[in-house]
Structures are given as structure tokens and as C-alpha cells.
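Novice: Listed here are the chains, written in short residue letters.
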Amino acid sequence: MISRSQSRSIALFAVAVVFFSSLPAHASLGGDPSSVQTDAQQLKSSVRVTQSANYTVHEMQVQGATVREYIAGGKVFGITWEGQARPDLQQLLGPYYARVTQAVEQYKAQHPGRHPISIQQPDLVVQMGGHQRAFSGRAYIPNMVPSSVRAEEIR
Amino acid sequence: MFLLAQLAGCGGSSSTSTPGGNTITTSGSNVAALTVNSGPPELQSAGGALNTGFMSMSLCAPGTSTCQTVNFVAVDTGSSGIRILKSNLSVSLPNETDSSGNTIAECNQFVDGFTWGPVQLADVTFPGTSETASSVPIQIVDDSNSFTGAPGSCTNGSAGSDNNIVGLGAYAILGIGNFRQDCGLACTLTFFGPSGNPGLYYTCPGGVCNPVAVSIAQQLQNPVAMFATDNNGSIIELPTVSTDGGTVNGSVVFGIGTQTNNGLGNATMLTLDSNGLMTTLFGPAQTAYPGSFIDAGSNGIFFLDTATNGIPTCPTNPSLYCPSTTLNLQATNQGLNGTSSVVKFNIGNAETLPGSGAVSEFGGVFDVPSPLFDFGLPFFYGRNVFTGIEGVSNGQPTDTGQFVAY
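Keeping their order, the protein sequence lines are chains A and W.
Sequence positions in the first sequence follow the numbering used here and run 1 to 155.
Sequence positions in the second sequence follow the numbering used here and run 156 to 561.
Bear in mind the hints are in silico, worked out from the structure with no lab data behind them.
The beta carbon of each residue, even a glycine, is placed where N, CA and C say it ideally should be.
Misleading hints may appear alongside valid ones.
[As the list claims (entries may be wrong)] Some chain W residues well away from chain A (every beta-carbon gap over 12 Å; in silico):
| hint | residue |
| --- | --- |
| 1 | G218 |
| 2 | T224 |
| 3 | G233 |
| 4 | G348 |
| 5 | S453 |
| 6 | G503 |
| 7 | T555 |
[As the list claims (entries may be wrong)] Chain W is nowhere near these chain A residues, computed Cβ spacing over 10 Å in every case:
| hint | residue |
| --- | --- |
| 8 | G31 |
| 9 | Q51 |
| 10 | V57 |
| 11 | Q61 |
| 12 | Q90 |
| 13 | P95 |
| 14 | V104 |
| 15 | A134 |
| 16 | N143 |
| 17 | E152 |
[Claimed, not checked] Reference listing, derived: stretches of chain A covered by chain W, where coverage requires no fewer than 3 residues with Cβ under 8 Å from a Cβ of chain W:
| hint | stretch |
| --- | --- |
| 18 | 83–89 |
| 19 | 105–118 |
| 20 | 125–132 |
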């Protein structure tokens, strides 16, 4: 549903490994990235690695969605997803999941009605939108984003 | 999944749409009443419903006259399928079961949460109309824990629950969008995992819930597609809002071009991609924003961000726009068929606007993960908006033919 931005790729490495495992697992926001091998071992799909000047992107297919992890300094500073269904947000958002859920519920309790979600806190930005069959979202930690990287590049 | 829109020059017409002047049909065998107000009593302590269109619907145990009228049913053109809170269901309906007798349940997603509960069957009618859909699979949103609880694989896909009156924002949701089922062919796949079945449907034998493949017929259906006639789409007809925060009354007309009261007339038709999406052009450079959509179930016009359009956000809520004066804007929507239509819309200061009822200038940010447009219910005020349903061939949805027209 979204046209992808042109990342400033220096090199593109594609790893295609197929294993028979049904447990999807990937890194959490703010945490260490799982290795490409681990991701590939635990997903029945390839992991596409894109190297950019200031960060690395791991793109993988999970049930119902495409997930991209943005990695710099050995940490996942941003995550995006898009697809027919949302991925496991509890796993993707890790320690931030409870806080995001609380913010969403708090807002709904005072404003009934459906519209895109936008949470902007000093150390966490989460945005979610779409409708049935076409969901997308982004989460990042502002002070972990490399200084030369604009937030709009996390897509 | 997204197909690039054809650029102008490949055929198709263009037009300009300014809100107001639309003719609202008020009665007919295919005409149901639609009201935008602050919603049911249970929502008032939460501030009331904002830009939500409510209808009434009748559910009957299949093949019987044991029926119930449900009020405060929110109309939604961004989804397909009927979902009703268990607490608001007073008629006993049969469970939909698989070949082993296990009840089929669903974990459905909205932007702001999930709904979980069993699928049951009902005959569906709409007061004031002669339309009937028989044995329609609908979702019972289990807000009273009468069914097996939602598994982690369901709750973890959302940050929050819509399994209650405040989350759902209505007693029931009437999804009459572009698609015949809520999931389509993807939920018939037997492979679960990357690029496979997204796992929305479950069975819970022995209280343990796991995703299952379901047939097209077992999925939640767009009830309009199940009518005997007037079954190719619907029209939402609402007047312009003269006083923000109040009530407006309009109609939902079933069928497009099937009766004298539902022809396209001067409406411009934009065909949509396989996810119901179009492209919106905006700004001095007419920048294209693919993946945009029109959705009566969204309660504002959400588009781009301050960096892109220069509209300041609200000090207390950075997801909403707060210009100092109401802005008169325009954008161009473009369908897959190359047809384009300029639309005018207004954005006001969300902090000073009323927080419930019909508010035509309510809007905010939408840039996830790329900037695009979500034209919610304010787009519908003063325009008759047609939602065309995809085609069907040999009982299978075709993923083509879906459109929006206005």
C-alpha cells in the first residue's frame, strides 16, 4: 500500500533460507537485533538486509505482514510494519508494549471513535493507521535515531 | 499488493467536488435512516461519539421470526462484516461450526484494537427497507467473557482492546465496504506464516485456541453482497453540517444503479486496488500519496503531517491539527482507472471544535509509515458517496470491480 522510499543503499545482501519452523521471532524495539541467521532459521521466509550509510534494515515477512527493523549502533532504533494484519506488537515493541497499550486505551476512554493512532513521548514515537486488509505502523526511539537520519526514513 | 495508479492522460474523466447540494433520498425499499449524533448513553461519560454514523439493524435467528432490533449500529465502509457486542445481543443465534462441530471464532483488527468472539449466524434486515440477508456469519464481540478468552496470538497483534462499548464506539459495527468478506482468499490458505494465512479465524477445542483456515462462505460477509437485489454496493448520503457538534440526519441507500434512486448520476467513479486504496495528490507540486482511502468508519480527515503541509498540531495532542483559523483545502483523488476528482475540505482547530456529534473540520496527522490520506466521515458531509463492492465469480471474490464514487 505504501511506496517505499529510495534508501541510500551502498550494498544489498539478500539471504534466502527456508527452514521448517513455525515460531516467528525477531528483535524488539530498543534491543539488540537478532542475527540474520536466527531470523531466517525461525521464519519460513527470507530476510532481506539493506545496508545504508547510517543504518541497516532487516526486512522480513511474518504472518500477515512485512516487518522492517532499523538498526544502528547495534540496536534496533525503529520498526515499521504493513500488511493485511498487524504482527505481534508485544514482541516487536518489547518493553514499550505496555506503555503503548495504556496510551491507546487512555485516549479511547476520553474520545470514542476510530482514527489513526499517534503517540509522541520524548523517548517513544508510535504511529498506527489503516483499515481492514491494510494496516501499517511505525515505532521508534528518538534519541536512538542516528543524528544524520530523519525520522521519515523509518518507513 | 499496491498497484500504481495510472497517471492522467491514459483516459478517464475529472471533476471537482465541493460539499453541499447533494440530494438525500429519504424513503424507499432500499433506504435506511442514518444519523450522526453523540451515540448511545454508555458513551456519554467518555465524551460521546464523534463523527460516527449510526443506523438500526434487525437480527433474527435464521429462518425464524425471533428477532431483535439493534440501535446505534455504526456504519463503516472501511471494513466488511457485522460485529455486535455480546451485551447488546438479546436473541439466541446459532454458532458457526467447523466440520468437527467446533465453534469458529475470530480475532478481528481495527486501527485501535482487536475484537474477539465467536461467529454466529443471523438473518439481517434493516428497518424501513425490504432488504434481507439470510444466515449471515457475524461476529459476537465477547464483552461478557461468555466464550473462551482471546489467546495471546490475538491480543498481541493490537495495542488495546475494542472488545467493549467504549472501544467499539457503538453497540455494533456494520461493515459495508468494498469487499465481500472481511478477509477474502488469504484466510482460506492452509499455510500459516509469512505470506500465508494471516490467522484471523480460530477454533478453540478444549478451550485451546489456534488459527484455522476457513472457506469464503464461513467468513464474515458484507451483508449488502448477500441481498437478493440492490447487492452491488451502497450510498451514504449526509447533508453538510451547519452547526458543529450537533446531529445530522441522512440515509444509507442500498444498491448502485439498481433502482431509480441509486444511479451514479454525475458522480465520478474511482476504481480501487486490491486493498481498497487510491492515490491522493496534494500541495503545490501535486505530490502523489498512494495508499490513500475514503472510510466512513474513520472519524476525521487524517493526512500527512506538519512537515509536509505546514498545519500546526495541537499543543495537547500532537496527532490532531490546530490551525489558528479554519483552512479551506483541496486535494485530488485518483483511481486505478486514471479518473481523478478534486475534493475540497476544511480543517479547523481540534481543540476548539466540539468533541462529539457531527464536526466537519476535525482532522489530524497520518504519516504511517508513509504520509497519506484517510478521508473519514467529514468527507461524506454534503456529498453522496458510493461504495462499490468487488465482483464475484464461481462464488469466489474477484478482487476487482471495487470502487468509490462521489
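Novice: Each of the hints needs a verdict: does it hold here or not?
Specialist: We went through each hint and held it up to the structure:
{"no.": "1", "hint": "G218", "result": "29 Å, holds"}
{"no.": "2", "hint": "T224", "result": "22 Å, holds"}
{"no.": "3", "hint": "G233", "result": "4 Å, violated"}
{"no.": "4", "hint": "G348", "result": "5 Å, violated"}
{"no.": "5", "hint": "S453", "result": "5 Å, violated"}
{"no.": "6", "hint": "G503", "result": "15 Å, holds"}
{"no.": "7", "hint": "T555", "result": "15 Å, holds"}
{"no.": "8", "hint": "G31", "result": "17 Å, holds"}
{"no.": "9", "hint": "Q51", "result": "20 Å, holds"}
{"no.": "10", "hint": "V57", "result": "12 Å, holds"}
{"no.": "11", "hint": "Q61", "result": "3 Å, violated"}
{"no.": "12", "hint": "Q90", "result": "4 Å, violated"}
{"no.": "13", "hint": "P95", "result": "13 Å, holds"}
{"no.": "14", "hint": "V104", "result": "4 Å, violated"}
{"no.": "15", "hint": "A134", "result": "4 Å, violated"}
{"no.": "16", "hint": "N143", "result": "17 Å, holds"}
{"no.": "17", "hint": "E152", "result": "7 Å, violated"}
{"no.": "18", "hint": "83–89", "result": "holds (count 7)"}
{"no.": "19", "hint": "105–118", "result": "holds (count 12)"}
{"no.": "20", "hint": "125–132", "result": "holds (count 7)"}
Checked against the numbered hints given earlier, the structure breaks hints 3, 4, 5, 11, 12, 14, 15, 17 and satisfies all the rest.
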